[in-house]
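Each residue of the sequence shown is one higher than the one before, counting from 1 in my numbering.
Hints are computed from structural coordinates only; laboratory data are not their basis.
The structure presented is a predicted model; accordingly, all values stated were derived computationally and were not measured.
Hints should not be assumed to be uniformly reliable.
[Unchecked claim] In silico BS3-like pairs for lysine-lysine, Cα to Cα no more than 25 Å straight-line:
1. K84 to K98
2. K35 to K84
3. K45 to K79
4. K79 to K35
5. K79 to K43
[To be verified] Label-pair restraints from in silico Cβ distances:
6. N52 to T111: 40 to 48 Å
7. K35 to V100: 48 to 56 Å
8. P9 to T111: 15 to 23 Å
9. T99 to V10: 17 to 25 Å
10. P27 to D57: 30 to 38 Å
11. D70 to T21: 46 to 54 Å
12. N120 to S64: 44 to 52 Å
13. T136 to M19: 16 to 24 Å
14. S85 to T21: 37 to 45 Å
15. V41 to T94: 46 to 54 Å
Cβ coordinates follow ideal geometry from the N, Cα and C atoms, glycine included.
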Amino acid sequence: MVYDGSYTPVSVCEGGNAMLTVNADFPAAAYQWSKNSQALVGKTKNYLEFTNVAISDTGLYAVSVTSACDSRSALLWAKLNVEKSPTITLSGDTAICKTVGGKIIASGADTYLWNTASTNDTISVNPTTNTTYTVTGT
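Can you make the complete structure from the sequences, with help from the hints?
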């Protein structure tokens, strides 16, 4: 097997999705994925898909690729890092009256995305109707 000592790190937030993919130019290639040197039963496709990842999914993954037609084989590696999702705290004017306006401040994450499309940690709002503001952070 070929192993060059390197691997590709992949980072994803807890609860997110990730996919590790390998494409071999071997004829009739067979795949077997493993995590931390333990074979993953039934994981025999050219990809390993993760949905709603948990911290426990963090690890070093390998895929053994073998040609069914000749003696070629390879071992490829990837490291999956699952980062804890941030806890966002809101402060400022969290109860805002119509047409009065105010500021809402988010903290606890590195980046923010409000449902207003703002990416700042603070938004100034002046709603004319009942409005809900949401923010996600990474």
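| query | In ascending order, which of the hints set out earlier in this document are inconsistent with the structure? | reply | 1, 6, 9, 11, 14
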